[in-house]
Amino acid sequence: MLDKSKIGHQFDSFTTLVELGKLRFFAKATGETNPLYSNTEVAQAAGYAAVPIPPTYVFSLDLDSEELMPVVSVLGLDVGRVLHGAQEFEYFAPICVGDEITVTSTIKDIYDKKNGALDFVILENTYTNQQGVLAATTTSTLVQRN
Amino acid sequence: MTDTVVGTEIPPLTLPPISRYTLALFAGASGDHNPIHIDSDFAKASGMPDVFAHGMLSMAYLARLLTGWKAQSSIRKFSTRFATITQLQDVVTCSGTVVEIIEAQGETLARCEIKINNQNGVSTLVGEATVAL
Chain G
10 MLDKSKIGHQ FDSFTTLVEL GKLRFFAKAT GETNPLYSNT EVAQAAGYAA VPIPPTYVFS
70 LDLDSEELMP VVSVLGLDVG RVLHGAQEFE YFAPICVGDE ITVTSTIKDI YDKKNGALDF
130 VILENTYTNQ QGVLAATTTS TLVQRN
Chain S
2 MTDTVVGTEI PPLTLPPISR YTLALFAGAS GDHNPIHIDS DFAKASGMPD VFAHGMLSMA
62 YLARLLTGWK AQSSIRKFST RFATITQLQD VVTCSGTVVE IIEAQGETLA RCEIKINNQN
122 GVSTLVGEAT VAL
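Chains as they are written, first to last, in our numbering: chain G, 10 to 155; chain S, 2 to 134.
Calculated from the structure, these hints are not laboratory results. Just so you know, not all the hints are guaranteed correct.
[What the hints assert, rightly or not] Calculated cross-link-like contacts (lysine to any residue; reagent style SDA-like; alpha-carbon spacing at most 20 Å): (1) Lys78/S - Cys105/G; (2) Lys78/S - Thr68/S; (3) Lys37/G - Leu16/S; (4) Lys123/G - Thr85/S.
[Said to hold, decoys possible] Simulated coverage check for chain G against chain S, where a stretch passes if three residues somewhere in it have a Cβ under 8 Å from a Cβ of chain S: (5) 24-35; (6) 39-47; (7) 53-64; (8) 122-136.
Only a predicted model underlies this, so the values are computations on that prediction, with no experimental measurement involved. Quick reminder that beta carbons are idealized off the backbone N, C-alpha and C, glycines included.
In isolation and in its complexed conformation, chain G is listed as follows:
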């Protein structure tokens, strides 16, 4: 049973720079060959300020925090028993190379199912660029098998 008093817990926000080399590596790792995701000239010709991050790379911005997935230590999760249950993205503005994105993350809910056999943690995150524009929001569901 996880500590439900942590519902509402807000993690320290942090700011991360979107880097071209990382996006090229991500494109390689996901088999993406569209040059939009690796070539600045192609991205600019398509109307972007620079190479845009692909849709799910928003989640990777979380992982630039000083501590990888701080929810693990705050709730005492065992990473060997945690699965990603669900993931939602909502997009409001492009995020491109050179952007400095501030990530906030809050524990929105904690509950269990099957008489405590499964614990669920819902995280809500926001991603705001250097101009103060909210570019994306996400909701992540983590499931711990007990």
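Starting from the structure of chain G, add chain S where the hints point.
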């Protein structure tokens, strides 16, 4: 614009078999270094038969399905549930269908049901995307 209607199928995307190499690359590139995906000893000690694919690797493939069909800037919402673990050597196929055309905030939007099936026809990811037309 008018070629997208209810029932339109998004051109499917089949990926090469998931290998340990794929998972190692994705761990580095995505920043998800959870050992359950890259360290067999750790995975077995956690009660799993072996390492298995990151859910977000599959979701990145689903994103490729969408951006291979429509411009990324037209994607408004994108969500999935991770229904079944993707194992080593699985061959997964991403597909989707437009299920509704809606008008909202001055835009025409296609609501799409999207999924990934493995080689046995089992759905590993099931989700939805909303795309502006």
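| message | Tell me the hint numbers this structure goes against, listed in increasing order. | response | Violated hint (a single one): 8; every other hint is consistent with the structure.
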